[in-house]
Every structure is written in C-alpha cells, then in structure tokens.
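Enquirer: Residues per chain, in single letters:
Number of protein chains: 2
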Amino acid sequence: MPETKSADEIFKEFKEHSITEFFRKNSQMLGYAGKVRSLTTIVHEYVTNNLDACEEAGILPDIEVRVKELSENKYSVYVRDNGPGIPSKHVGKALASVLTGTKFHRYMQQRGQQGIGAGGCTIFALITTGKGIRVRSGTGKESYECDLSIDIKANKPLINNLKPIEQKFRGLEVEGEFGDVKYEKSDHGVYEYIRRTALSNPHASIKLVEPDGNEAIFPRSVNTMPQKPRQIKPHPLGISTSDLLDFARVSQSRKVSSFLEETFARISHDKVKELAGIVKEVDFEKQPKDLTWQDCEKIVNAFKQIKWIAPDLDALSTIGERQVDIAMRNILDPKFTSVVERRPRVFKGGIPFVVEVGIAYGGKAGRVSGDLVSGSILRFANKVPLLFDTGSCAITEAVNGIEWKRYSIARFEEEPVSVLVNVSSVYIPYSGVGKQAIAQEDEIVEEIRLAVQDAGRKLQRFLSGERQRSVQESGYKTIIRYVDQLAADLEEITGKKKEETAKELKSLIEKKYKNLFNEEAAE
Amino acid sequence: MPETKSADEIFKEFKEHSITEFFRKNSQMLGYAGKVRSLTTIVHEYVTNNLDACEEAGILPDIEVRVKELSENKYSVYVRDNGPGIPSKHVGKALASVLTGTKFHRYMQQRGQQGIGAGGCTIFALITTGKGIRVRSGTGKESYECDLSIDIKANKPLINNLKPIEQKFRGLEVEGEFGDVKYEKSDHGVYEYIRRTALSNPHASIKLVEPDGNEAIFPRSVNTMPQKPRQIKPHPLGISTSDLLDFARVSQSRKVSSFLEETFARISHDKVKELAGIVKEVDFEKQPKDLTWQDCEKIVNAFKQIKWIAPDLDALSTIGERQVDIAMRNILDPKFTSVVERRPRVFKGGIPFVVEVGIAYGGKAGRVSGDLVSGSILRFANKVPLLFDTGSCAITEAVNGIEWKRYSIARFEEEPVSVLVNVSSVYIPYSGVGKQAIAQEDEIVEEIRLAVQDAGRKLQRFLSGERQRSVQESGYKTIIRYVDQLAADLEEITGKKKEETAKELKSLIEKKYKNLFNEEAAE
Numbered sequence: 001m002p003e004t005k006s007a008d009e010i011f012k013e014f015k016e017h018s019i020t021e022f023f024r025k026n027s028q029m030l031g032y033a034g035k036v037r038s039l040t041t042i043v044h045e046y047v048t049n050n051l052d053a054c055e056e057a058g059i060l061p062d063i064e065v066r067v068k069e070l071s072e073n074k075y076s077v078y079v080r081d082n083g084p085g086i087p088s089k090h091v092g093k094a095l096a097s098v099l100t101g102t103k104f105h106r107y108m109q110q111r112g113q114q115g116i117g118a119g120g121c122t123i124f125a126l127i128t129t130g131k132g133i134r135v136r137s138g139t140g141k142e143s144y145e146c147d148l149s150i151d152i153k154a155n156k157p158l159i160n161n162l163k164p165i166e167q168k169f170r171g172l173e174v175e176g177e178f179g180d181v182k183y184e185k186s187d188h189g190v191y192e193y194i195r196r197t198a199l200s201n202p203h204a205s206i207k208l209v210e211p212d213g214n215e216a217i218f219p220r221s222v223n224t225m226p227q228k229p230r231q232i233k234p235h236p237l238g239i240s241t242s243d244l245l246d247f248a249r250v251s252q253s254r255k256v257s258s259f260l261e262e263t264f265a266r267i268s269h270d271k272v273k274e275l276a277g278i279v280k281e282v283d284f285e286k287q288p289k290d291l292t293w294q295d296c297e298k299i300v301n302a303f304k305q306i307k308w309i310a311p312d313l314d315a316l317s318t319i320g321e322r323q324v325d326i327a328m329r330n331i332l333d334p335k336f337t338s339v340v341e342r343r344p345r346v347f348k349g350g351i352p353f354v355v356e357v358g359i360a361y362g363g364k365a366g367r368v369s370g371d372l373v374s375g376s377i378l379r380f381a382n383k384v385p386l387l388f389d390t391g392s393c394a395i396t397e398a399v400n401g402i403e404w405k406r407y408s409i410a411r412f413e414e415e416p417v418s419v420l421v422n423v424s425s426v427y428i429p430y431s432g433v434g435k436q437a438i439a440q441e442d443e444i445v446e447e448i449r450l451a452v453q454d455a456g457r458k459l460q461r462f463l464s465g466e467r468q469r470s471v472q473e474s475g476y477k478t479i480i481r482y483v484d485q486l487a488a489d490l491e492e493i494t495g496k497k498k499e500e501t502a503k504e505l506k507s508l509i510e511k512k513y514k515n516l517f518n519e520e521a522a523e
Numbered sequence: 001m002p003e004t005k006s007a008d009e010i011f012k013e014f015k016e017h018s019i020t021e022f023f024r025k026n027s028q029m030l031g032y033a034g035k036v037r038s039l040t041t042i043v044h045e046y047v048t049n050n051l052d053a054c055e056e057a058g059i060l061p062d063i064e065v066r067v068k069e070l071s072e073n074k075y076s077v078y079v080r081d082n083g084p085g086i087p088s089k090h091v092g093k094a095l096a097s098v099l100t101g102t103k104f105h106r107y108m109q110q111r112g113q114q115g116i117g118a119g120g121c122t123i124f125a126l127i128t129t130g131k132g133i134r135v136r137s138g139t140g141k142e143s144y145e146c147d148l149s150i151d152i153k154a155n156k157p158l159i160n161n162l163k164p165i166e167q168k169f170r171g172l173e174v175e176g177e178f179g180d181v182k183y184e185k186s187d188h189g190v191y192e193y194i195r196r197t198a199l200s201n202p203h204a205s206i207k208l209v210e211p212d213g214n215e216a217i218f219p220r221s222v223n224t225m226p227q228k229p230r231q232i233k234p235h236p237l238g239i240s241t242s243d244l245l246d247f248a249r250v251s252q253s254r255k256v257s258s259f260l261e262e263t264f265a266r267i268s269h270d271k272v273k274e275l276a277g278i279v280k281e282v283d284f285e286k287q288p289k290d291l292t293w294q295d296c297e298k299i300v301n302a303f304k305q306i307k308w309i310a311p312d313l314d315a316l317s318t319i320g321e322r323q324v325d326i327a328m329r330n331i332l333d334p335k336f337t338s339v340v341e342r343r344p345r346v347f348k349g350g351i352p353f354v355v356e357v358g359i360a361y362g363g364k365a366g367r368v369s370g371d372l373v374s375g376s377i378l379r380f381a382n383k384v385p386l387l388f389d390t391g392s393c394a395i396t397e398a399v400n401g402i403e404w405k406r407y408s409i410a411r412f413e414e415e416p417v418s419v420l421v422n423v424s425s426v427y428i429p430y431s432g433v434g435k436q437a438i439a440q441e442d443e444i445v446e447e448i449r450l451a452v453q454d455a456g457r458k459l460q461r462f463l464s465g466e467r468q469r470s471v472q473e474s475g476y477k478t479i480i481r482y483v484d485q486l487a488a489d490l491e492e493i494t495g496k497k498k499e500e501t502a503k504e505l506k507s508l509i510e511k512k513y514k515n516l517f518n519e520e521a522a523e
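From first to last, the protein sequence lines are chains G and U.
Counting from 1, one number per residue, gives the positions in the first sequence under this note's numbering.
Counting from 1, one number per residue, gives the positions in the second sequence under this note's numbering.
Calculated directly from the structure, the hints in this document are not laboratory data.
Values in this document were obtained by computation on a predicted structure and should not be read as measured data.
Among the clues, some could well be false.
Identical chains blur together in the list; that is why a pair holds if it fits in one copy or across any two.
[Stated by the list, open to error] Below, simulated DSS-like cross-link-like pairs (lysine-lysine); rule was C-alpha separation at most 30 Å, straight line:
(1) Lys156 to Lys89
(2) Lys25 to Lys156
(3) Lys348 to Lys185
(4) Lys15 to Lys228
(5) Lys15 to Lys156
Chain G on its own, in the form it takes in the complex (with noise of 0.2 Å):
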C-alpha cells in the first residue's frame, strides 16, 4: 500500500481561478476546437452581434466580413455593420471580458444571451497570436478607435490607444489576428455559416470577402425589419419555485398581490384572486420578500391548476413562413416545399418558444455526396444557423425520431429531403457555452417532432399524389400502347373506321385518366 496523504497536504494547492482563465485552459468550449471550426466561431461570434445590435436599434444591417491568410493557419478577420455602435466607456467590458453584457439579464429573443461570444474571441486571439483585437467605432455621438486585450487572470479588459476619429460614423469595426484557424469552404466553414445566416435573415446585407479575394455577397431580399424583439415578463407556466423565489427577493411591489400582477405576464387582477383561493396558507398581503420558499412552492403549484393566456406571441420574432419558402426554393429549388409555424408555447421557466420548420424535397434538396443523396437537417436558434455538435442537439433528436415510413419517406437518409427547424425564444437552452445545439428539453423535442409532422403531412399527400400518378401515368401509357392495335383489329371485327374507334378509345381513357391531366395543367 502506498504512503497516505493527508487532507492538509493536499488541501495546500487549493485554489481559486477567474472565469477568463477556465475559459482559456478549455477553449473547445467556446467552440474553438478544429481550425476549420475555430474560424467560423470567430465569424459567428461577431456576426450575430451585429445581427443582435442591429435589430435592437432598428437598423437595416449592412455586414462585411473580410477573411485573409496571413500565414499557415493564420488569418485576420476583420467585421463591420453600420449598427447603433459601442459607447467608448461601455467597449472594454462589451469586447474584451466575459460574462459582462446587456443580453444576459433579460428576457428578450436575442442571438446572444451569454455575454461571453465577443470575450472569447480576443481571449482566442491572445492565445494563438499574443496579440489582442482593434476597434472602431461610431455611435453618432462619439467616434474613436482603440487596442483591445484582456488582463485573462482579473477577467478585466485592458484598452490602449484609445482615441477619437474626426469622422462622423456609426457602426462597429472589429479586426484581429487569429492562429490555430483554416479557411475551408466545407460544411462547416465560414462561407456556409454566412450562406445561412443570409437564408434566415432576409433583411441583411452581408458582403464576405474570402481569402482569394473572391467576393460573395448575398444581398438584402426584404427591406422591412423584422417584428422587433421586445423585453417581456415572464410566464406563470413553467416558473420554478427558485425563479418566483428570486423575484420576490428583487421585487419593490408592497404586497405578494400586487408583485404577482407587476411581474408575470398574463396575471389579472382576477387571476390573482384566483391563486389565492387555492392557496390559502399564503398571505397574498404579506411582502414579497416575506415569502418563503414553501410559499412559493404552493403558489407555483397553483399556477398550474389554472387555464393561462398563452404567452406573447409578439415579443418572438420568426423567420416568417413566407420567408422560409422563398429561402428554401432559391436555394434548393425543390420540387415541393411544406412550410409550417407553430404556435408559441412555454417551456421550463415560463419562457416562450416558437417553432418553425420547412421541408424541402427534390431538386437540390437533401445533402449530395458523390452519387448518394440523403436527407439533411438545417438547424437554427433564433435565426442563428448550427453548424456543430450536430448529435446532441434537440432539433436533431426530434427530426430523427420521425417514423419518415409515415410520411411516404422510406429511408430519411436515402432521398432528397431537406428539413429546416428554426427554434426562436427569450432564451435559448444551448446545451453548451459555445451555443451549437439546444439541450434536448422534451417540450422542445417534443414541438419540434409535432411542427415536423404537420409539415410531413403535406409531404406526404404530396409524395402519394406524385406516386399515385406515376403509377396512372405508366397505366396510361400501356393502355394508350394497344389502342391503335386494338382499333385495327376492331376495324376487321366491326367494320368501323379504325381512327374513329382510336379517337374514341383515347377520350375514354383521357376521361378516366381526368385527374392526372388535370394536375398536370395546374403545374
């Protein structure tokens, strides 16, 4: 047996460490494992903020990506939008720190939530080249621009050469150097992710300039905004017994009565009337922060013995039906395209959610390699295209528990059907810090497995329609094969003209094939 240590030697190396410094030891966390996947985190990252800033300030975005090889496996990046900007004092902590932010805090359908994107891509940038990122910025009021770094043991930004530009601008520029990357234009690269981005974001502008200089730009399709994403109270459905618990704790409401209606979305007067009926141990005059957390229990077990308004619809902004059919034919120019969205509904926390799913099939549908076709799932949060950790993704769970038999698709991974799934909510339950999948929540699973049936539904009259066609279609070509033969013979028979017997056997046969040539006019 070996000597034995005590728990004060080992306790000696006892440690705290920051959130920068985790996070630098484990990047792959972040999303930064695979030069090729490094890359396109980075563009992600930047993007979805100007996306996200955008939109708050309701702004058509104007979004120019500019990638360069440097070296091997080094590149710079640079990204600029035309949005609200970042005010000089607010810019250290926006760009070169994590968990500091405007999104973490509030209920409001943003592409980030974390407030840890634009930190990890300086914290990768220190990393791999030593060097941190510079900024330009104009927020209308104030132009400037600065060196951005990060002291990564404080977690605390660190801002040289800070100083005005006479220029007049708003917008955001972001450049930095980036080792330990590649340019690929693979499913996984940066071309794809701005491809996607553009699919479910038809109100942006985004111009890429990849490494050989080759520009793509994929332009705006609508000029309207989106419905703005508004702040919202939460739903009383789902909250838990520490949510409640915590807002009580906050709140400035004098009674439980008055908190109740001032922090919930879909609570009245009437309602609260309502709880408290139920819940009579509770003291519904008693302060807010006088509840305890069996009080809370009791109320929220109350909440769900009572019929809710469904949550805002409006405070979610989806791609649009419309615009998903457009993006969907553009791109894959399929034969059919079944669209649906679903109505908004709550999951764990009262937190809306709103599924949207396109299926394409045909045409470029379904993912081609070599001769092999097989069925693919395009997967979005709030607009925001997934690339990565395909597997463990809720979408991908509920996309792959389709009985596709059902639908008149006998192997999902042998036809040409493509399946686009957009999950849009307050917040997003992403099952990792680099946001690439939605953690597999069964009300979430379980709505996106319902939006893909309705959808498969029309799918599937579809495909029955073109099966049962096609199997008119070759009856009504062996038929139609004998009836000048049998016209003739009828002619030796009966005496009567063989092209009036044909001509009479064909509108028969037309008329019982009505349908087909129906369908085929209305094509």
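Fit chain U to the supplied structure of chain G, relying on the hints for placement.
Expert: Just chain U now, kept in the frame of chain G:
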C-alpha cells in the same frame, strides 16, 4: 422603418454577472438536462471527487451511495467515502462555489479538473429545492459537520451550523435533496453509471442503495492501488507560444536556459544547447520575463525540429490490459476479447495521453434491444464512464469512422460487439463543462482509431478463423458422412474389409483437418 435606438440607450442595461449566476441560469451546461440525467450527474460529480481524493491520499476507496425518493421527481442523495476528508476551512469553497479547488492548475491525471462539479450540485440543489447540502467530514485531525449553501450573485459559499463532532474518523459524507430528478434503471441512470465506474475502477468497493431499498454491491476486485498519478512537467512537443510566454512570466529562473530546463520535461542541458543553436536570434542568457511573443514563437518552432523522448508514461494511470480483459469477460461473457494499450502520445499543449481499447465479441456483448443486437461503445475518460453527449465525442467519431468490414464485422450496427475505450490524460479536453464528451481533437481521434484498429486486427483473425473453421467443420462432416458407404462399396470391389477401409479413410480425413482438431483441443 421602425424608430431607431441609440447605443447609449442600449448600453444602459450593461451589467456584469457571476459565474454562479451563469450556471444557475444555464444548469443544462453542467449536465442538468432531463430528470434521469440530472440525477446521474449529481452522483457522478460526488463519486469522481471521492475516487480522486482516495487516489491522491493513497487509500483504497470504500464508497456508499444512497438514493431515496422523497416525492415525485424529488430525491435525496447521500454519498460517503473513506477518503482524506476536507479541512473545515476549505469545505465551503470546495463544495459550495465554482472555479475553486486543487485540480485546475495542475498537470496531473485526475477525474475532476475544473473545480465546478461539486459546486454545481449545490447550485442544482438550491434551484430545485431551495436547500443547500449537509456535510460531515473527518480528516483524522478534526471532525465536523455543517450546512452549505451559496450566495449565487457573489459565487461565495455560505457555511451554517458548523460544529465539531466528537468521533474521530476520516472521510466525507455529503447529503442533499434535489428536485427535477428521477431514478430509472436505464442506460443513462445511476445504476449503470456505478456499474461502469466499478468496471473501470477495480480497486474501489462501491455500494449503491437504490430507492426501492435494493443494495447493489460492487466489490473490490484488486487490492492494490492503481498507479498513483503524479504532477508532471509539460512536454515541449506541442506547447503553444501562449503557454510558453505564460510560463516565462511567472518563472523564478534567472535565465531562459535554466527556465527551459526547469519548466519542461525532457529538456536537458544538451537539448538547451541544441535549441540555442537553432534559435540564434534569442538570447538564452536573458531573464525569462524578457521573452517576447516572437521569441517564444521561435522557440516553439524549434521544439518541433528536435527529436524528443516520449512523455513520461508513469504519470498516466490506465485501467490496465488485464483489468479491461477481466472486466469485459465478467460482464459481457463474450466468445472473444482483444485488448490493446497504446504507448502514450502528446496532443497540443504538450499534454500526454494514452488510449486503451478492449473489444468483446459474442456472448452478451453489444447492445440488445428486443430481438436486435447492435454494436455498442463504452466510453471512459480517466476511468470515468461517459454516458451522455455520445454524438459529439472523439471516441464515437473514431469508432464510427472504422471500416469495420476490414475486421470481419459486416455492419457494426448489427453485430454483438462492444468496444471499450478509455482515454487517460493529465488534461482531458472535454467538449463541455458537463464533461460528458471528449472534444474531437485530431490527434486524439487518430490515436483512438489506431488503437481500435490494433484491437480490431486480433478480432479479425479470430472471426476469420471462426469462419474458416466453420467452413472446414461442415466440409469434414460432409465427407465423414460418406466414409461408411464408400468403405462398403470398396469392399465389394477390392474385398478389403469395410471396417478397415473406413478406419484408414477417417484417419486420412482427420489428418487433413488436423488444424481444426488441434485448435478445438486447445480451447
């Protein structure tokens, strides 16, 4: 066009938040997604800490886990070990805060490495039941008990009712109540987790008391401690520029030359000379803190041009070829096993790792569901079973990438084959904070692939032997069936007694099929 909003308005909401707030809101990132998985995550966090503590202290672990159902989806979890205990002055930070601990800064193979797990359990207890956890611990010197909670906004432990216990003992007992969890005897449940932990930790004795009162006992099968993990110096191969610069900044060495010798493994006086010969631009006599990014970049490039001794194997503790074989035979009762332990290798950051693989075929190997059997993968990292996030794991990627036909497995999805893979390292690059999948680093995926191929070749020889033998066997049986008839026919022709002829013929045939009989006899 909607009204626009200025940067100042948007940034009014700019806030900072703590890492505990982040994980409180995103507990799914710690593995708390789904009721069954959440319960397994709790047991996983405590048991890995138990095993690490015992291993470091040199104690053969005796662990007891009790899970009790309190009400629907609410359970208590009690975990006890005979480890070194935790000194009371460290217990708060060890169990009720995150990013604190003894493990993060060390280059040493341990199950835990983040300083998040146990604190995460306390966060999860708080958000699902409002209660913290209860602790009893003895270090040999002191014995005490206390209640632990967390100030979520500040990431600070809250210690209550701390009082000494008379009884002298060594070990740690933790008990907590958790909501939103469920005990289920599935592939992802606590029972399976403990079973696999016992499989990969034969030196541990583990008792699990299930909610129905059933006691599952996994006795110790070896009485020796595994190779004790040691803290090691990083290997120069693969060290990044950023790592080198970081080490240089905190170095106490007087010169670059001594800094290199003292900080890294395998750098001798001669190797320093060799390096200095390659990197002529860098002054090896200057102080380490004067090294620039460019200097470090040149030194790191020089590292790659030199031949190095492989990293220190002794620092890595594997399950061991014999133990893997015994474990697979005990549990799967297979017809055949093939175990491979590869030599250690290095992946980026100078981090040594080693892969061991066991393949079991036939018997209870594979995954049975109904009448169907399919190949199964048993994933381990530092001997800890990985039950979740299968799709995004380097092990899954490597095993699925194998051309199984080459190894006489027509379709991995349809054969009774189990592939066990354990990756041991002083640093496992987990893809997420929940530590359920290994990031798909090229070097690790490739090494797993090579190990599976090694083991696969033995499987192939066995299976093709099996098949050849089965062909031969049926040939033998066919021929032997005709011997008596032939002998009788020959008697009519030659007059030679048919018994004699039959005997001679059989002996001839047996000589031809010698291999078959020898192999059978040897079994």
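Enquirer: Compare the structure with each hint and give your call.
Expert: Hint by hint, here is what the structure shows:
1. Lys156 to Lys89: Both: 14 Å inside a copy, 29 Å across copies.
2. Lys25 to Lys156: both (17 Å within a copy, 23 Å between copies)
3. Lys348 to Lys185: between (39 Å within a copy, 25 Å between copies)
4. Lys15 to Lys228: between (45 Å within a copy, 22 Å between copies)
5. Lys15 to Lys156: both (19 Å within a copy, 14 Å between copies)
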